[in-house]
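Listed in order, the protein sequences are those of chains R and P.
All letters in the first sequence, in the order written, are residues 1 to 114 by my numbering.
All letters in the second sequence, in the order written, are residues 1 to 113 by my numbering.
No lab work stands behind these hints, which were simulated from the structure alone.
Note that beta-carbon positions come from the ideal geometry of N, C-alpha and C, so glycine has one too.
It is possible that some hints are incorrect.
Stated by the list, open to error - Facing chain R, according to a computed beta carbon distance under 7 angstroms, are these residues of chain P, among others:
id: 1; residue: D38
id: 2; residue: P39
id: 3; residue: L43
id: 4; residue: L45
id: 5; residue: V50
id: 6; residue: G51
id: 7; residue: Y95
id: 8; residue: F98
id: 9; residue: L99
id: 10; residue: Q102
To be verified - Dumping the calculated SDA-like pairs for lysine to any residue here, alpha-carbon to alpha-carbon at most 20 angstroms:
id: 11; chain 1: R; residue 1: K106; chain 2: P; residue 2: K71
id: 12; chain 1: R; residue 1: K106; chain 2: P; residue 2: S84
id: 13; chain 1: R; residue 1: K101; chain 2: P; residue 2: V112
id: 14; chain 1: P; residue 1: K14; chain 2: P; residue 2: V112
id: 15; chain 1: P; residue 1: K57; chain 2: P; residue 2: Y96
id: 16; chain 1: R; residue 1: K106; chain 2: P; residue 2: Y96
id: 17; chain 1: R; residue 1: K70; chain 2: R; residue 2: N31
id: 18; chain 1: P; residue 1: K71; chain 2: P; residue 2: Y95
id: 19; chain 1: R; residue 1: K101; chain 2: P; residue 2: P61
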Amino acid sequence: AQTVTQSQPEMSVQEAETVTLSCTYDTSENNYYLFWYKQPPSRQMILVIRQEAYKQQNATENRFSVNFQKAAKSFSLKISDSQLGDTAMYFCAFRTGANSKLTFGKGITLSVRP
Amino acid sequence: NAGVTQTPKFRVLKTGQSMTLLCAQDMNHEYMYWYRQDPGMGLRLIHYSVGEGTTAKGEVPDGYNVSRLKKQNFLLGLESAAPSQTSVYFCASSYYGFLYEQYFGPGTRLTVT
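Isolated chain R, as found in the complex (with noise of 0.2 angstroms):
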């Protein structure tokens, strides 16, 4: 069975300082994709960034990037400079080649404070 864990439920962060999501999952693919999106209260649901596990270099997005440890099957995010902006719930996820499904977390709600 393919799982992700966020353990994490909530956390908080200073405005402009850095804070680091977990997440692990479990799959036995060797080829898939990971993904963080965010939930801001609008409720709809952003893409922020995207790992493929074949490569190595963690991926950047701006402020947001990637510790992608493929043996350890986890895959963080570090939001760098957090803004009032990025308060919201964030979803890890993974979608492997041999089905077309997503594989959702159970979401952290990130604070970020003034």
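Since the structure of chain R is already known, use the hints to place chain P on it.
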């Protein structure tokens, strides 16, 4: 280009009533999905479709039916609503291939009393 749209945005049903949620996408995506989001549970897949005329069960399909008669539309039906189906429902779509992200609609908040 509207992306993924969902109708309605809010709905209150009484137990035993039926309703249909409509999802439409204008990106020519092959794949479409219905999820439900409950507090502390993340997003769980109800049903999905890999092409026009095809549907498949996801993680939590009981109590729901779906149809994909046109490529751009994916309908989710509740034949006899139950309080356990109170949730926020999201539709999503994507291109074929696991490297592609899923694009989500704005969600429908459904309350069953």
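Inset, instruction - Please work out if K71 (chain P) and Y95 (chain P) have their alpha carbons no farther apart than 20 angstroms. - result: 12 angstroms, holds
Legend entry - Restraint check for K70 (chain R) with N31 (chain R), where alpha carbons must lie at most 20 angstroms apart: 11 angstroms, holds
Legend entry - Restraint outcome when D38 (chain P) is required to lie within 7 angstroms of chain R by C-beta distance: 10 angstroms, violated
Legend entry - Residue hint L99 (chain P), partner chain R, criterion CB-CB below 7 angstroms: 5 angstroms, holds
Legend entry - Pair hint K57 (chain P) and Y96 (chain P), alpha-carbon separation not exceeding 20 angstroms: 18 angstroms, holds
Inset, instruction - Please work out if K101 (chain R) and P61 (chain P) have their alpha carbons no farther apart than 20 angstroms. - result: 14 angstroms, holds
Legend entry - Cut-off 7 angstroms, beta-carbon criterion: hint that P39 (chain P) touches chain R: 10 angstroms, violated
Legend entry - Per-residue hint verdict: Y95 (chain P), partner chain R, C-beta under 7 angstroms: With a minimum Cβ separation of about 10 angstroms from chain R (threshold 7 angstroms), the hint on Y95 (chain P) is violated.
Inset, instruction - Double-check L43 (chain P) for me: the hint is only fine if its C-beta lies closer than 7 angstroms to a C-beta in chain R. - result: With a closest approach of 5 angstroms, the L43 (chain P) hint holds.
Inset, instruction - Tell me if G51 (chain P) is really an interface residue toward chain R, meaning its C-beta lies closer than 7 angstroms to one of theirs. - result: Cβ of G51 (chain P) sits 10 angstroms from chain R, so the hint is violated.
Legend entry - Distance restraint between K106 (chain R) and Y96 (chain P), which requires alpha-carbon spacing of 20 angstroms or less: Violated, at roughly 25 angstroms.
Legend entry - Restraint check for K101 (chain R) with V112 (chain P), where alpha carbons must lie at most 20 angstroms apart: 28 angstroms, violated
Of the hints listed earlier, those the structure fails to meet are numbers 1, 2, 6, 7, 11, 13 and 16, in rising order.
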